[in-house]
Amino acid sequence: GAGVSQSPSNKVTEKGKDVELRCDPISGHTALYWYRQRLGQGLEFLIYFQGNSAPDKSGLPSDRFSAERTGESVSTLTIQRTQQEDSAVYLCASSSRRTGGMNEQYFGPGTRLTVT
Amino acid sequence: AQSVTQLDSQVPVFEEAPVELRCNYSSSVSVYLFWYVQYPNQGLQLLLKYLSGSTLVESINGFEAEFNKSQTSFHLRKPSVHISDTAEYFCAVTSVGGGKLIFGQGTELSVKP
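If you read the protein sequences in the order shown, they are chains A and E. Under this note's numbering, the first residue of the first sequence carries the number 33, and numbering increases by one thereafter. Under this note's numbering, the first residue of the second sequence carries the number 22, and numbering increases by one thereafter.
Simulated from the structure, these hints should not be mistaken for lab results.
Chain A side only, calculated, beta carbon under 7 Å to chain E, not exhaustive: (1) Gly74; (2) Leu75; (3) Phe77; (4) Tyr80; (5) Phe139; (6) Pro141.
Don't be surprised by glycine CBs; every beta carbon is placed ideally from N, CA and C.
Model the full assembly from the supplied sequences, consistent with the hints where possible.
The following block contains the structure:
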């Protein structure tokens, strides 16, 4: 079946503008995650949605970052008043918790955000 | 809190040589462990995982990793590498029943002819 998809694949924006990044998880996956990968660094956890539970927002770096998810479908990550340090690849992943809590996450191709 | 340390940022190696990519983790609870691979210009893919049972896990392309609880390590090994193994490798941990993955900084494996 289809994997995790993300759009846009690339986004160039001016400092101070708002951006929205979209993630379509694998159908039926109840959990959805956002990560950030800055150049030359590992992945940083941002936020995690699991079903109807309150999201784990512990990784969001500032209040300029927010994310929403409608049910078990699409998620949008919004960055307000972008700064140059927000430049990174933003990765989305989804997983199914119906297989004994294996937590195997499937990653999308990412959105490369460049703030000029 | 959990953390992952990949001890080598870059590992250059010649084709057909053995390789070991080191990963150590820290956690106060039981964990699942993963190795992900990111080939040039491609997305992140799961290479192998340890959930429970046998401490030695294998991938379909000849990599293996061994979970060592006493040393809190999950090193990745391959007895003979190919040019096509050139990629960035990430070790990751999550708590059993938890959600988010905690990643190491990555190890860039460069296989030379």
